[in-house]
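> Here is how the chains run, residue by residue.
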Amino acid sequence: MININAITKEYIMGDNKLLALNEVDVSIKEGEFVSIMGSSGSGKSTLMNIIGCLDVPTSGDYFFRNKNISNYNSNMLAELRNKDIGFIFQNFNLLPRLNALENVNLPLLYSGKNVKERTKLSMEALENVGLKDRKDHKPNQLSGGQQQRVSIARAIAGNPKLILADEPTGALDSYTSLEIMKILNDLNSNGITIILVTHEKDIAQYGSRIIKMKDGKIIEDKKNVSS
Amino acid sequence: MSLVDLIYLSQKSLRSNILRSVLTSLGIIIGVSSVITMISIGAGARLEVEQQIERFGSNNLILRSQSSNNRGVSMGNNSVNSLTLKDMEALKNELPAIAAIAPRVSLSTQIIANGNNWLATVTGSTNDYFALGNWKFENGRKFQEDEINSGSRVAIIGKTVQKNLFGTDSPIDEVIRINKVPFTVIGLLDAKGGTAWADLDDTIIVPLKTAKQRLVAKKFPGDQIRSMTINVSSSELLFKTEKDIDTVMRKLHKISANGNPDFVIRNYAQFLNARQESSRVMSILLATVAGISLIVGGIGIMNIMLVTVTERTKEIGVCMSVGAKKRDVLLQFLIESLMISLIGGCLGIALGLGVIFGVSEYFNWKMSLDYMSLVLSFVFSSSIGVIFGFYPARKAASLNPIDALRYE
Chain A
1 MININAITKE
11 YIMGDNKLLA
21 LNEVDVSIKE
31 GEFVSIMGSS
41 GSGKSTLMNI
51 IGCLDVPTSG
61 DYFFRNKNIS
71 NYNSNMLAEL
81 RNKDIGFIFQ
91 NFNLLPRLNA
101 LENVNLPLLY
111 SGKNVKERTK
121 LSMEALENVG
131 LKDRKDHKPN
141 QLSGGQQQRV
151 SIARAIAGNP
161 KLILADEPTG
171 ALDSYTSLEI
181 MKILNDLNSN
191 GITIILVTHE
201 KDIAQYGSRI
211 IKMKDGKIIE
221 DKKNVSS
Chain B
228 MSLVDLIYLS
238 QKSLRSNILR
248 SVLTSLGIII
258 GVSSVITMIS
268 IGAGARLEVE
278 QQIERFGSNN
288 LILRSQSSNN
298 RGVSMGNNSV
308 NSLTLKDMEA
318 LKNELPAIAA
328 IAPRVSLSTQ
338 IIANGNNWLA
348 TVTGSTNDYF
358 ALGNWKFENG
368 RKFQEDEINS
378 GSRVAIIGKT
388 VQKNLFGTDS
398 PIDEVIRINK
408 VPFTVIGLLD
418 AKGGTAWADL
428 DDTIIVPLKT
438 AKQRLVAKKF
448 PGDQIRSMTI
458 NVSSSELLFK
468 TEKDIDTVMR
478 KLHKISANGN
488 PDFVIRNYAQ
498 FLNARQESSR
508 VMSILLATVA
518 GISLIVGGIG
528 IMNIMLVTVT
538 ERTKEIGVCM
548 SVGAKKRDVL
558 LQFLIESLMI
568 SLIGGCLGIA
578 LGLGVIFGVS
588 EYFNWKMSLD
598 YMSLVLSFVF
608 SSSIGVIFGF
618 YPARKAASLN
628 PIDALRYE
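The listed protein sequences correspond, in order, to chains A and B. Under the working numbering, think of the first position of the first sequence as 1, with each following residue one higher. Under the working numbering, think of the first position of the second sequence as 228, with each following residue one higher.
No lab work stands behind these hints: they were computed from the structure. Treat each hint with caution, since some may be false.
What the hints assert, rightly or not - Using 27 Å as the maximum straight-line C-alpha spacing, the simulated DSSO-like pairs for lysine-lysine come out as follows:
| hint | chain 1 | residue 1 | chain 2 | residue 2 |
| --- | --- | --- | --- | --- |
| 1 | B | 319 | B | 478 |
| 2 | A | 83 | B | 553 |
| 3 | A | 113 | A | 83 |
| 4 | B | 553 | A | 132 |
| 5 | B | 446 | A | 113 |
| 6 | A | 135 | B | 622 |
| 7 | A | 83 | B | 622 |
| 8 | A | 138 | B | 313 |
| 9 | A | 113 | B | 541 |
| 10 | B | 553 | A | 67 |
| 11 | A | 132 | A | 182 |
| 12 | B | 239 | A | 83 |
| 13 | A | 182 | A | 161 |
| 14 | A | 138 | A | 120 |
| 15 | A | 113 | B | 481 |
| 16 | A | 161 | A | 83 |
| 17 | B | 239 | B | 553 |
| 18 | A | 212 | A | 17 |
| 19 | A | 116 | B | 239 |
| 20 | B | 436 | A | 17 |
| 21 | B | 446 | A | 138 |
| 22 | B | 478 | B | 446 |
| 23 | B | 553 | A | 116 |
| 24 | A | 223 | A | 29 |
| 25 | A | 120 | B | 239 |
| 26 | A | 161 | B | 553 |
| 27 | B | 541 | A | 83 |
| 28 | A | 161 | B | 541 |
| 29 | B | 541 | A | 135 |
| 30 | B | 313 | B | 481 |
| 31 | B | 239 | B | 319 |
Next comes chain A alone, as it looks inside the complex:
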């Protein structure tokens, strides 16, 4: 599904060049649950942003489902994010003025689906995360766990192949974290590829494969036998 060849990402900070990713190679197959671990500054978020087409690499090739997307323009990348990728963020990133249903609707709005179709898909997604009865609540009327579930619903509403979760439990207590991880696990068993970025060891354990990064390089990449 994902093939990354010698990807480098440089940031220029004043006079210094910061190498966030240094010739990284990685490939991820469809249906995998990959946890990426590393301390802050290790390059794990940068790698995820590039995989999620939010950021473009300085050099190297990125094949997404056998298409070289290194030369995609911003509109093509937007469409790819819209159709094939769902994001889950640490701080949920829900739009405060919209209620739960409208937030889940958002990707479907941009893909141009009609009202009937998108209401159906969004309601299904909300049902999947167990928040059907909270569809009219605004984010500030929901608990942190509920907000994260809404954002999961938003990520899966468009039936993407890949879900990227950037520290999805970082802002939640341990009990709610378990809930969220269970939902991600279920999504994975339904065939959705999941890439999870975390620095918590026990959260990473949900992955079937754990990649460890340090200083812009992958230092360890192995199957997780315990999962």
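Take the given structure of chain A and dock chain B to it, following the hints.
Just chain B now, with coordinates in the frame of chain A:
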């Protein structure tokens, strides 16, 4: 993303900050209401001038006698009738620019007819009086040649006189007593309506000779008359002819160029010009206010939209992460600024209508609402929304998704 969805999202974010949206549109409100008021004042002035011409005729000068100062003692307004029919003939002969002159004698007196009693102004004049004064006949006819020459007791009456003496019945061929003298009504004039100071329809016109013999023999002895309406052949000659009349009259009455004249020339065009000029000045003033406030309003919109884009940077990043294209972001912010300016446009139209209503009600200043000005206001305000909203919208659309997402 469809337009309906864009509008839905835009109104949602505008409504979350209603006060800010309305304050932002304040410049547009003032600008648009000024535009509407300006156009209405202009149109009203034009209409008023047209109505005045309709009432008093165009290219007319009124020459009337005026008491002269006799060694510092004013002789009173009606004490002297210095104008004569000789003056009239002389003016006609000396000034070819004069197309026609209608002489006038007048008195206010009691009219009795049909058992009713009414006080009206009676004018003695010629048939020219009707043409020059733009009078139209509702019924009946003008004076005939023999009636003028023989001093027949015939009268043409205005609408107000008819109403008070005959009600709605036809007055034609009825007899009215003017100052106890019986006259036969031969014509009824069309209504002209009142001015601020007089009811023009409260009038009776009889032949000049009849009036001088039967009604005002003492007041206007010999060939004295009260005034004359002088019609000038073209409007370009109006002001020159006014001066020429003054010169000729001073010569006839033997008054030096800097002496006090015993006559006065009234020029309606002067009044109308002044009226038009003042409304033009007012319009320029309002146009300036409109122009400045529309530009300031536009800049205000741009400013607020820039603030909004900065405030919502993270939100833009979220939208981009779920698949918003540059075009979607651009359109959303453009529609928001368009909506702000259209709200301003609508409130401005309401305010403008209020001003127009207030001014015409309390200052009795004629204003005419031009529907084109409403269309114009919409075009103005929406183009300002688009023009000044474009830069902030483009700034939002050109954000990099990851930078926008990371913005705190």
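> Hints first: check each against the structure and report whether it holds.
Now for the hints, and whether the structure bears them out:
1. B:319 / B:478: Between residue 319 of chain B and residue 478 of chain B the Cα gap is close to 15 Å, so the pair holds against 27 Å.
2. A:83 / B:553: Roughly 16 Å between the alpha carbons, so the hint for residue 83 of chain A and residue 553 of chain B holds.
3. A:113 / A:83: Judged against 27 Å, a Cα distance of about 12 Å means the pair holds.
4. B:553 / A:132: violated (32 Å)
5. B:446 / A:113: With a Cα-Cα distance of about 94 Å, the restraint between residue 446 of chain B and residue 113 of chain A is violated, given a limit of 27 Å.
6. A:135 / B:622: Answer violated: residue 135 of chain A to residue 622 of chain B is near 33 Å, above 27 Å.
7. A:83 / B:622: The given pair, whose Cα atoms are some 25 Å apart, holds under the 27 Å limit.
8. A:138 / B:313: At roughly 95 Å apart (the allowed maximum being 27 Å), residue 313 of chain B and residue 138 of chain A break the hint.
9. A:113 / B:541: Distance of about 24 Å is within 27 Å: holds.
10. B:553 / A:67: Judged against 27 Å, a Cα distance of about 23 Å means the pair holds.
11. A:132 / A:182: Measuring from Cα to Cα gives roughly 18 Å; hence the hint holds.
12. B:239 / A:83: holds (26 Å)
13. A:182 / A:161: With a Cα-Cα distance of about 18 Å, the restraint between residue 182 of chain A and residue 161 of chain A holds, given a limit of 27 Å.
14. A:138 / A:120: Since the Cα atoms of residue 138 of chain A and residue 120 of chain A sit roughly 19 Å apart, the hinted pair holds (cutoff 27 Å).
15. A:113 / B:481: violated (96 Å)
16. A:161 / A:83: holds (8 Å)
17. B:239 / B:553: Given that 27 Å is the threshold and the Cα spacing comes to 20 Å, the pair holds.
18. A:212 / A:17: holds (23 Å)
19. A:116 / B:239: Between residue 116 of chain A and residue 239 of chain B the Cα gap is close to 21 Å, so the pair holds against 27 Å.
20. B:436 / A:17: Outside the cut-off at roughly 112 Å; violated.
21. B:446 / A:138: Violated, at about 92 Å.
22. B:478 / B:446: The hint holds at about 25 Å.
23. B:553 / A:116: holds (26 Å)
24. A:223 / A:29: holds (13 Å)
25. A:120 / B:239: At roughly 22 Å apart (the allowed maximum being 27 Å), residue 239 of chain B and residue 120 of chain A satisfy the hint.
26. A:161 / B:553: holds (24 Å)
27. B:541 / A:83: holds (21 Å)
28. A:161 / B:541: holds (25 Å)
29. B:541 / A:135: holds (23 Å)
30. B:313 / B:481: holds (14 Å)
31. B:239 / B:319: violated (77 Å)
Checked against the numbered hints given earlier, this structure breaks hints 4, 5, 6, 8, 15, 20, 21, 31; the rest are met.
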